[in-house]
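**Student:** In case you want the letters, here they are:
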Amino acid sequence: MDIIETFDIKKKFKDVEALKGISIKIKEGEVFSLLGPNGAGKTTLISILTTILKPTSGTALIDGFEITKDPLYVRRKIGIVFQEPSLDDLLTAWENLYVHSILYGMEKSYAIKRIEFILKKVDLYERKDHIVKTFSGGMKRRLEIARGLLHTPKILFLDEPTLGLDPVSRRNIWDYIRQIKKEENITVILTTHYMDEADSLSDTVAIINKGVIIEKDTPENLKKKIGDEILKVKGYIDIENIRKLKFIESIYTDNEYHIIISKEITKNLNEILKFLKPESIEIKKISLEDVFLKITGKKIEELDE
Amino acid sequence: MNDIFQLNGVKAIIIREIIVFIREKERLLSSIISPLLFLFIIGRSLNQNTTIESYTYQHFIFPGIIAMNILFTSIRYGLYLIWDKRFDFLKEVLVAPISRTSLFFGKALGGVFGSVIEMIILIIIGNIFVLKLSLIQIFLIICVGIISSFMIVSIGLSIGAVTKTIEGFGLVMSFLTWPMFLFSNALFEIKSSSNLITFVSKINPFTYSVDILRKIMLNYSSFNPLYSFFILIISTFILSYITIKLFERIDIQK
Numbered sequence: 001m002d003i004i005e006t007f008d009i010k011k012k013f014k015d016v017e018a019l020k021g022i023s024i025k026i027k028e029g030e031v032f033s034l035l036g037p038n039g040a041g042k043t044t045l046i047s048i049l050t051t052i053l054k055p056t057s058g059t060a061l062i063d064g065f066e067i068t069k070d071p072l073y074v075r076r077k078i079g080i081v082f083q084e085p086s087l088d089d090l091l092t093a094w095e096n097l098y099v100h101s102i103l104y105g106m107e108k109s110y111a112i113k114r115i116e117f118i119l120k121k122v123d124l125y126e127r128k129d130h131i132v133k134t135f136s137g138g139m140k141r142r143l144e145i146a147r148g149l150l151h152t153p154k155i156l157f158l159d160e161p162t163l164g165l166d167p168v169s170r171r172n173i174w175d176y177i178r179q180i181k182k183e184e185n186i187t188v189i190l191t192t193h194y195m196d197e198a199d200s201l202s203d204t205v206a207i208i209n210k211g212v213i214i215e216k217d218t219p220e221n222l223k224k225k226i227g228d229e230i231l232k233v234k235g236y237i238d239i240e241n242i243r244k245l246k247f248i249e250s251i252y253t254d255n256e257y258h259i260i261i262s263k264e265i266t267k268n269l270n271e272i273l274k275f276l277k278p279e280s281i282e283i284k285k286i287s288l289e290d291v292f293l294k295i296t297g298k299k300i301e302e303l304d305e
Numbered sequence: 001m002n003d004i005f006q007l008n009g010v011k012a013i014i015i016r017e018i019i020v021f022i023r024e025k026e027r028l029l030s031s032i033i034s035p036l037l038f039l040f041i042i043g044r045s046l047n048q049n050t051t052i053e054s055y056t057y058q059h060f061i062f063p064g065i066i067a068m069n070i071l072f073t074s075i076r077y078g079l080y081l082i083w084d085k086r087f088d089f090l091k092e093v094l095v096a097p098i099s100r101t102s103l104f105f106g107k108a109l110g111g112v113f114g115s116v117i118e119m120i121i122l123i124i125i126g127n128i129f130v131l132k133l134s135l136i137q138i139f140l141i142i143c144v145g146i147i148s149s150f151m152i153v154s155i156g157l158s159i160g161a162v163t164k165t166i167e168g169f170g171l172v173m174s175f176l177t178w179p180m181f182l183f184s185n186a187l188f189e190i191k192s193s194s195n196l197i198t199f200v201s202k203i204n205p206f207t208y209s210v211d212i213l214r215k216i217m218l219n220y221s222s223f224n225p226l227y228s229f230f231i232l233i234i235s236t237f238i239l240s241y242i243t244i245k246l247f248e249r250i251d252i253q254k
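Which chain is which? The protein sequence lines are A and B, in order. Each residue of the first sequence is one higher than the one before, counting from 1 in the numbering used here. Each residue of the second sequence is one higher than the one before, counting from 1 in the numbering used here.
Treat the hints with caution; some may be incorrect.
Said to hold, decoys possible - Here are the simulated PhoX-like cross-link-like pairs (lysine-lysine), alpha carbons at most 25 Å apart as the crow flies: (1) A/27 with A/77; (2) B/164 with A/133; (3) B/164 with A/54; (4) B/25 with A/133; (5) A/108 with B/11; (6) A/113 with B/11; (7) B/245 with A/14; (8) A/14 with B/164; (9) A/285 with A/224; (10) A/294 with A/234; (11) A/234 with A/244; (12) A/69 with B/245; (13) B/11 with A/77; (14) B/11 with A/133; (15) B/164 with A/12; (16) B/25 with A/128; (17) B/245 with A/54; (18) A/128 with B/11.
Unchecked claim - One-sided and incomplete, this derived list gives chain B residues near chain A with beta-carbon spacing under 7 Å: (19) 3; (20) 12; (21) 97; (22) 252.
Everything labelled a hint here was simulated from the structure, so no lab data went into it. Heads up, the beta-carbon is just placed ideally off N, CA and C, and yes, glycines get one too.
Extracted from the complex, chain A is given alone in its bound form (with noise of 0.2 Å):
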């Protein structure tokens, strides 16, 4: 079942039209992930579904409620991790809970136990009086994923979740988020412009670029859609003989080394290495940087504004 569904959305700022039309479909319980650059439409994108902005045209319907008729219906059954903290520093750990569920009309005492079980669950609990000014950076984070699933969303929302955290960190949010979708049965839409993080996380993959969803697959299927292994070559190659070889995918050229991408490089090693007099070599499995690569041309740094 779809729990959310955008029909041609587009978002214009001033003259810069942000968002293209975008149409998709998001099944319930799943991570999806919109991997794109910077400036590439993620966060508008995010910000429209969540009803903190309105689309030019265009709507979505989100658990069968249209956003831009019933915004508060929308925004009940959502949680939102904004990409730069919006905690309270003045209150505690605890109170930024506390605040959150009478926001979002939640009883009392179940409020209180929720809180107590959110917090544990983030490994927050010790802190829970601590004023959220002594907090590190991933430790809010945690904090604001927690205040995202207080009030039982059914879809979390999360902007670049790991953005300027320590790789530790990092991999302790992922725990945390693999460990939430299983256990709240909730929809994770995440933006990143991370490929471990996508690639890692995500039962689907889109990938947005110039407010255009370009691909649009699990990271399996994106990855076998363009090859499986990649030879990357420094020195000479006969590009023209390479591409005659039936088993090769693709072949182009990034900077000085020569990018082969094939579904069976390693067994027919010998058969490449006759058209090469390679200066360095390296074989590795496909990654969604090598996908992303070959779909827009470009690595996602040098799209990055």
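Here the structure of chain A is known, so what remains is to put chain B in place on it, guided by the hints.
**Tutor:** Structure of chain B alone, referenced to chain A:
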């Protein structure tokens, strides 16, 4: 579900404001100091040779000083909205399933709460050292204080809603708060030959707060108290309505 007004939303915001008020004692301390300086330093010093309409100067300005505290505290409280916007706390409230009207009432009543607490402290101090007040007087002062504070908090919040930078803060203090205070009869009765000054003091809604308080505390007023009360109520309605409209236009995205 009601889309216009949610009591739970108002309650959540008031609770937040009360916690902040209790926790940030510096705010309380800093805003109660200057009224006390006015009351005791200026009030006492001018006492010897100034009497206004047979009242000692300190007695005369006591209602003005209570009003002054309402004015300064309430305007500054409204401006804290700029802080909330800057540090993104407001976002959490703006995406919650509550209307902007509820947000306004939560914020405004949160501000009134702080301002009334400070007023009670001032009344207690004043009651001991300046002027003995009856319980009925104190009750009436608090009622007028609540309405005045609601009106001035609205002014502060409306500025907070449209201002983006903290630098605007000082500007508001110099060009709004101080003029409202000085053109209000709080420190002296405006009996100027200049029509302009009289005019400004008459369109200043704060003038009427001061005047009602003085009527309650000293039984002296420049205007008919019923007329003043009427102006006060009308101004509060108009200013809250404008502020709600401005709240509806606060954009979450910067």
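**Student:** So, against the hints stated earlier in the document, which numbers end up violated here?
**Tutor:** none
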